[in-house]
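A.B. asks: Below, each chain spelled out in residue letters.
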Amino acid sequence: MSKRDIRAVGIAGWGRTLGAAIISLIYFFPVLFIILTAFKTRQDALAWPMKFIFAPTLSNFVSVFFRTSVEGGDAEATGFGLYFFNSVFIGGTSVLLALIIGTAAAYGFSRFPLRGNDTYLFMILTTRMMPPIIAIIPIFVLFRIFGLSGTYVGIIALYTAFNLPFSVWMVKSFFDDLDRDIEDAARMDGSGEWRVFKKICLPQVYAGLAATFVFAVILTWNEFVFALMLTSPETRTVPAQIVRTIGGSMGVDWGLMSALETLFIIPVVLVTFALQNQLLRGVTFGTIRR
Amino acid sequence: MELVIGDVQKRFGAVEALRGVSLTVPSGEFFAILGPSGAGKTTLLRIIAGIEKPDGGRILIGGRDLNDLPVRARDTAMVFQTFALYPHLSTFENLAYPLREAKVPREDIKRRVAEVAEMLRLTHTLARKPSTLSGGEQQRCAIGRALIRRPKLLLLDEPLTNLDAKLRHDTRAEFKRLHRELRTTTIVYATPDQLEALSMGARVGVLRQGRITQVDTPSALYETPDDDFVASLVGDPPINLVPGTLRESGGGRSIDLPFLGLDASPWRGALGGFPAGTKLTVGLRPQAIWPAVAAEAGPRFPARVYLTEPLGDVTILDIVAGGDTRLRMVLPQEQAYRIAVDDAIECAVDPDQICLFAQETGTSIRRTAMGARAEAAA
Numbered sequence: 179m180s181k182r183d184i185r186a187v188g189i190a191g192w193g194r195t196l197g198a199a200i201i202s203l204i205y206f207f208p209v210l211f212i213i214l215t216a217f218k219t220r221q222d223a224l225a226w227p228m229k230f231i232f233a234p235t236l237s238n239f240v241s242v243f244f245r246t247s248v249e250g251g252d253a254e255a256t257g258f259g260l261y262f263f264n265s266v267f268i269g270g271t272s273v274l275l276a277l278i279i280g281t282a283a284a285y286g287f288s289r290f291p292l293r294g295n296d297t298y299l300f301m302i303l304t305t306r307m308m309p310p311i312i313a314i315i316p317i318f319v320l321f322r323i324f325g326l327s328g329t330y331v332g333i334i335a336l337y338t339a340f341n342l343p344f345s346v347w348m349v350k351s352f353f354d355d356l357d358r359d360i361e362d363a364a365r366m367d368g369s370g371e372w373r374v375f376k377k378i379c380l381p382q383v384y385a386g387l388a389a390t391f392v393f394a395v396i397l398t399w400n401e402f403v404f405a406l407m408l409t410s411p412e413t414r415t416v417p418a419q420i421v422r423t424i425g426g427s428m429g430v431d432w433g434l435m436s437a438l439e440t441l442f443i444i445p446v447v448l449v450t451f452a453l454q455n456q457l458l459r460g461v462t463f464g465t466i467r468r
Numbered sequence: 000m001e002l003v004i005g006d007v008q009k010r011f012g013a014v015e016a017l018r019g020v021s022l023t024v025p026s027g028e029f030f031a032i033l034g035p036s037g038a039g040k041t042t043l044l045r046i047i048a049g050i051e052k053p054d055g056g057r058i059l060i061g062g063r064d065l066n067d068l069p070v071r072a073r074d075t076a077m078v079f080q081t082f083a084l085y086p087h088l089s090t091f092e093n094l095a096y097p098l099r100e101a102k103v104p105r106e107d108i109k110r111r112v113a114e115v116a117e118m119l120r121l122t123h124t125l126a127r128k129p130s131t132l133s134g135g136e137q138q139r140c141a142i143g144r145a146l147i148r149r150p151k152l153l154l155l156d157e158p159l160t161n162l163d164a165k166l167r168h169d170t171r172a173e174f175k176r177l178h179r180e181l182r183t184t185t186i187v188y189a190t191p192d193q194l195e196a197l198s199m200g201a202r203v204g205v206l207r208q209g210r211i212t213q214v215d216t217p218s219a220l221y222e223t224p225d226d227d228f229v230a231s232l233v234g235d236p237p238i239n240l241v242p243g244t245l246r247e248s249g250g251g252r253s254i255d256l257p258f259l260g261l262d263a264s265p266w267r268g269a270l271g272g273f274p275a276g277t278k279l280t281v282g283l284r285p286q287a288i289w290p291a292v293a294a295e296a297g298p299r300f301p302a303r304v305y306l307t308e309p310l311g312d313v314t315i316l317d318i319v320a321g322g323d324t325r326l327r328m329v330l331p332q333e334q335a336y337r338i339a340v341d342d343a344i345e346c347a348v349d350p351d352q353i354c355l356f357a358q359e360t361g362t363s364i365r366r367t368a369m370g371a372r373a374e375a376a377a
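Same order as they appear, the protein sequences are chains A and B.
Under our numbering, residues 179 to 468 are what the first sequence spells out, in order.
Under our numbering, residues 0 to 377 are what the second sequence spells out, in order.
Some hints could be false.
In silico contact screen, one side only, chain B against chain A (beta carbon under 7 Å); selected entries [said to hold, decoys possible]:
1) A48
2) I50
3) T314
Anything over 12 Å on all C-beta distances counts as not near chain A; from chain B, calculated [stated by the list, open to error]:
4) T81
5) E92
6) D156
7) L162
8) L166
9) K175
10) P236
11) W289
12) I344
13) R366
Keep in mind that the hints were calculated from the coordinates and are not lab data.
Every residue gets a Cβ at the ideal spot worked out from N, C-alpha and C, and that includes glycine.
All chains, full assembly: derive it from the sequences and hints.
C.D. replies: Structural data, given as structure tokens:
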């Protein structure tokens, strides 16, 4: 590194770092606020001006899972263990299903176009052009008729259907970007179509699949309306239960809410970090070559 | 393996990529296909490879119709212009891929990959992914992947286009060497670069707008091109093509150029059918023009130096003659160093190196050979 480079990093670099830090902090502040509140006692949580230095407590996190009712008595399980399991299970299964079906469909659309290929692609996307809430009544009726209300199968099928258009379009764009010569080379090397897909095309879009997976997970993880209306106490997800936790005779328990939300974002953060490298390559596909 | 291509046609929508291409490449020949981009070279190779289906015509490889041969039995390998290495696989796995697909036993795969890597100096790269290889290594890896199956027919689609100039030169020599070592492998090599085609091909087929215009040895292409297109494609710097007119003068016929009159008698056999006034195209190789020495006989003309391009050993001179005709000539450095821009010079032309074409059709008007001259006169 030359002298000039060092100076450039020194001044411009510091400035840039500072700017980035400030902007990140603005974005991150609400999350930080929630995380801090999760560790506060009820008094600290309600204190104004906001306290940054306080004696942390884990009582809110305990309360997430075990709580005494207002009338007193023994602490009872709140069922959040089950709701967290439901969120992971329903979200994970539906996103994986959407990714598998979507990848197969995307490869078909990309490599074996049908007559009217673009029309089909457009039709798939139209289901995402309106707010999902518009479809709630027909879906509710359908679920009633087929007995899907409150079942895992029902909510997983619904989420899979919601995630499919996004998965198809996104994964198709990754397949479209691949160099066709590479597939022809594989055909000349003796690969059949299935092997070309499995051994050549699929491994090249792993990063894209990871990116699609993360985006779909985030969308599904946070879904609230359908979870509220179509799940039963046995299949309820975390967002649908959080809303039932708000309120109560003693007002909003901010510490408890914040502890819930803090726990709630951990899985998404973990998934995102685990796939961080893939994610970056996936979303910059086509703009940065290899 | 002998390759026979019979009247192959291919359209892409409104574009006619190949308009009836016929070729025969004998077993073990290094055959070059020379043509500008868009001439149909890649399409032709892809059809021979079996990746693309022709609309008409047939391909015989070793006497068997391509359509009757499953991909594996074709013994054909191809090196793509983009190399088309598998980006997610290491060099070792790239080389091993064709063998794995052919269900070759594990031990044999190891041995043959090691052999090929050794031959192509890739041993140190075996564990690395293609994106970490240099251009030359990527290209050798692509060649290795093609050779590892020991193909009887090797198709090369502009394999040097993506390399830098120095590497291109080295690799050209290596290809020739490789062909000698493989001996029985037939090679079809497509390139837009006349230097590559002429230096490597035992024979060269010139492809223009989906048609083969001439198939010949490199020296024949250079000396007796079939038309002005081949003439302009072959030779570096490119040939000077000058419009001329056939004239009837007292003693015989001559060809009028803007700056020079040429005796037409060397072509009298072929020119017999053309009336006076016929428009011709005269091809003058840059190597066939030089500054005249006082006592020199033969055609000569005055010119002005427009610009000079010194290349070290030789200098390319752009000259203007007969008003506004630009000509290129090549001089060895020792003759060129005293010539400066805007100098007036006297140039001589070697009449034996002049090519003649009918302007309308572009087809060559052949020189009347010594022996045939009497025949033509009779």
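A.B. asks: None of the hints should be skipped; say for each whether it holds.
C.D. replies: To see whether the hints hold, each was checked on the structure:
1. Evaluation of the A48/B hint against chain A yields a held restraint, the C-beta minimum of about 6 Å falling below 7 Å.
2. For I50/B, the suggested interface contact is upheld, since its CB lies about 5 Å from the closest CB of chain A, less than 7 Å.
3. Among the interface hints, the one on T314/B is violated; its C-beta lies about 40 Å from the nearest C-beta in chain A, farther than the 7 Å criterion.
4. Non-interface status of T81/B relative to chain A is broken: a Cβ of that chain comes within 12 Å, the nearest being about 5 Å off.
5. With a least CB separation of 10 Å from chain A, E92/B falls inside the 12 Å interface cut-off, contrary to its annotation.
6. For D156/B, the non-interface assignment is contradicted: its Cβ lies about 9 Å from the closest Cβ of chain A, within the 12 Å cut-off.
7. Here L162/B stays apart from chain A, with its beta-carbon at least about 17 Å from theirs, past the 12 Å limit.
8. For L166/B, the shortest C-beta to C-beta distance to chain A comes to about 20 Å, beyond the 12 Å cut-off, and the non-interface label holds.
9. Separation of K175/B from chain A is adequate, the least Cβ-Cβ distance of about 24 Å exceeding the 12 Å criterion.
10. For P236/B, the shortest C-beta to C-beta distance to chain A comes to about 33 Å, beyond the 12 Å cut-off, and the non-interface label holds.
11. Under the 12 Å C-beta cut-off, the non-interface status given to W289/B relative to chain A holds; the minimum distance is some 47 Å.
12. Distance to chain A confirms I344/B as a non-interface residue, since its nearest Cβ pair spans about 51 Å, more than 12 Å.
13. Non-interface call for R366/B relative to chain A: holds, since the shortest CB-CB distance, roughly 45 Å, exceeds 12 Å.
Hints 3, 4, 5 and 6, counting from the list given before, are not met by this structure.
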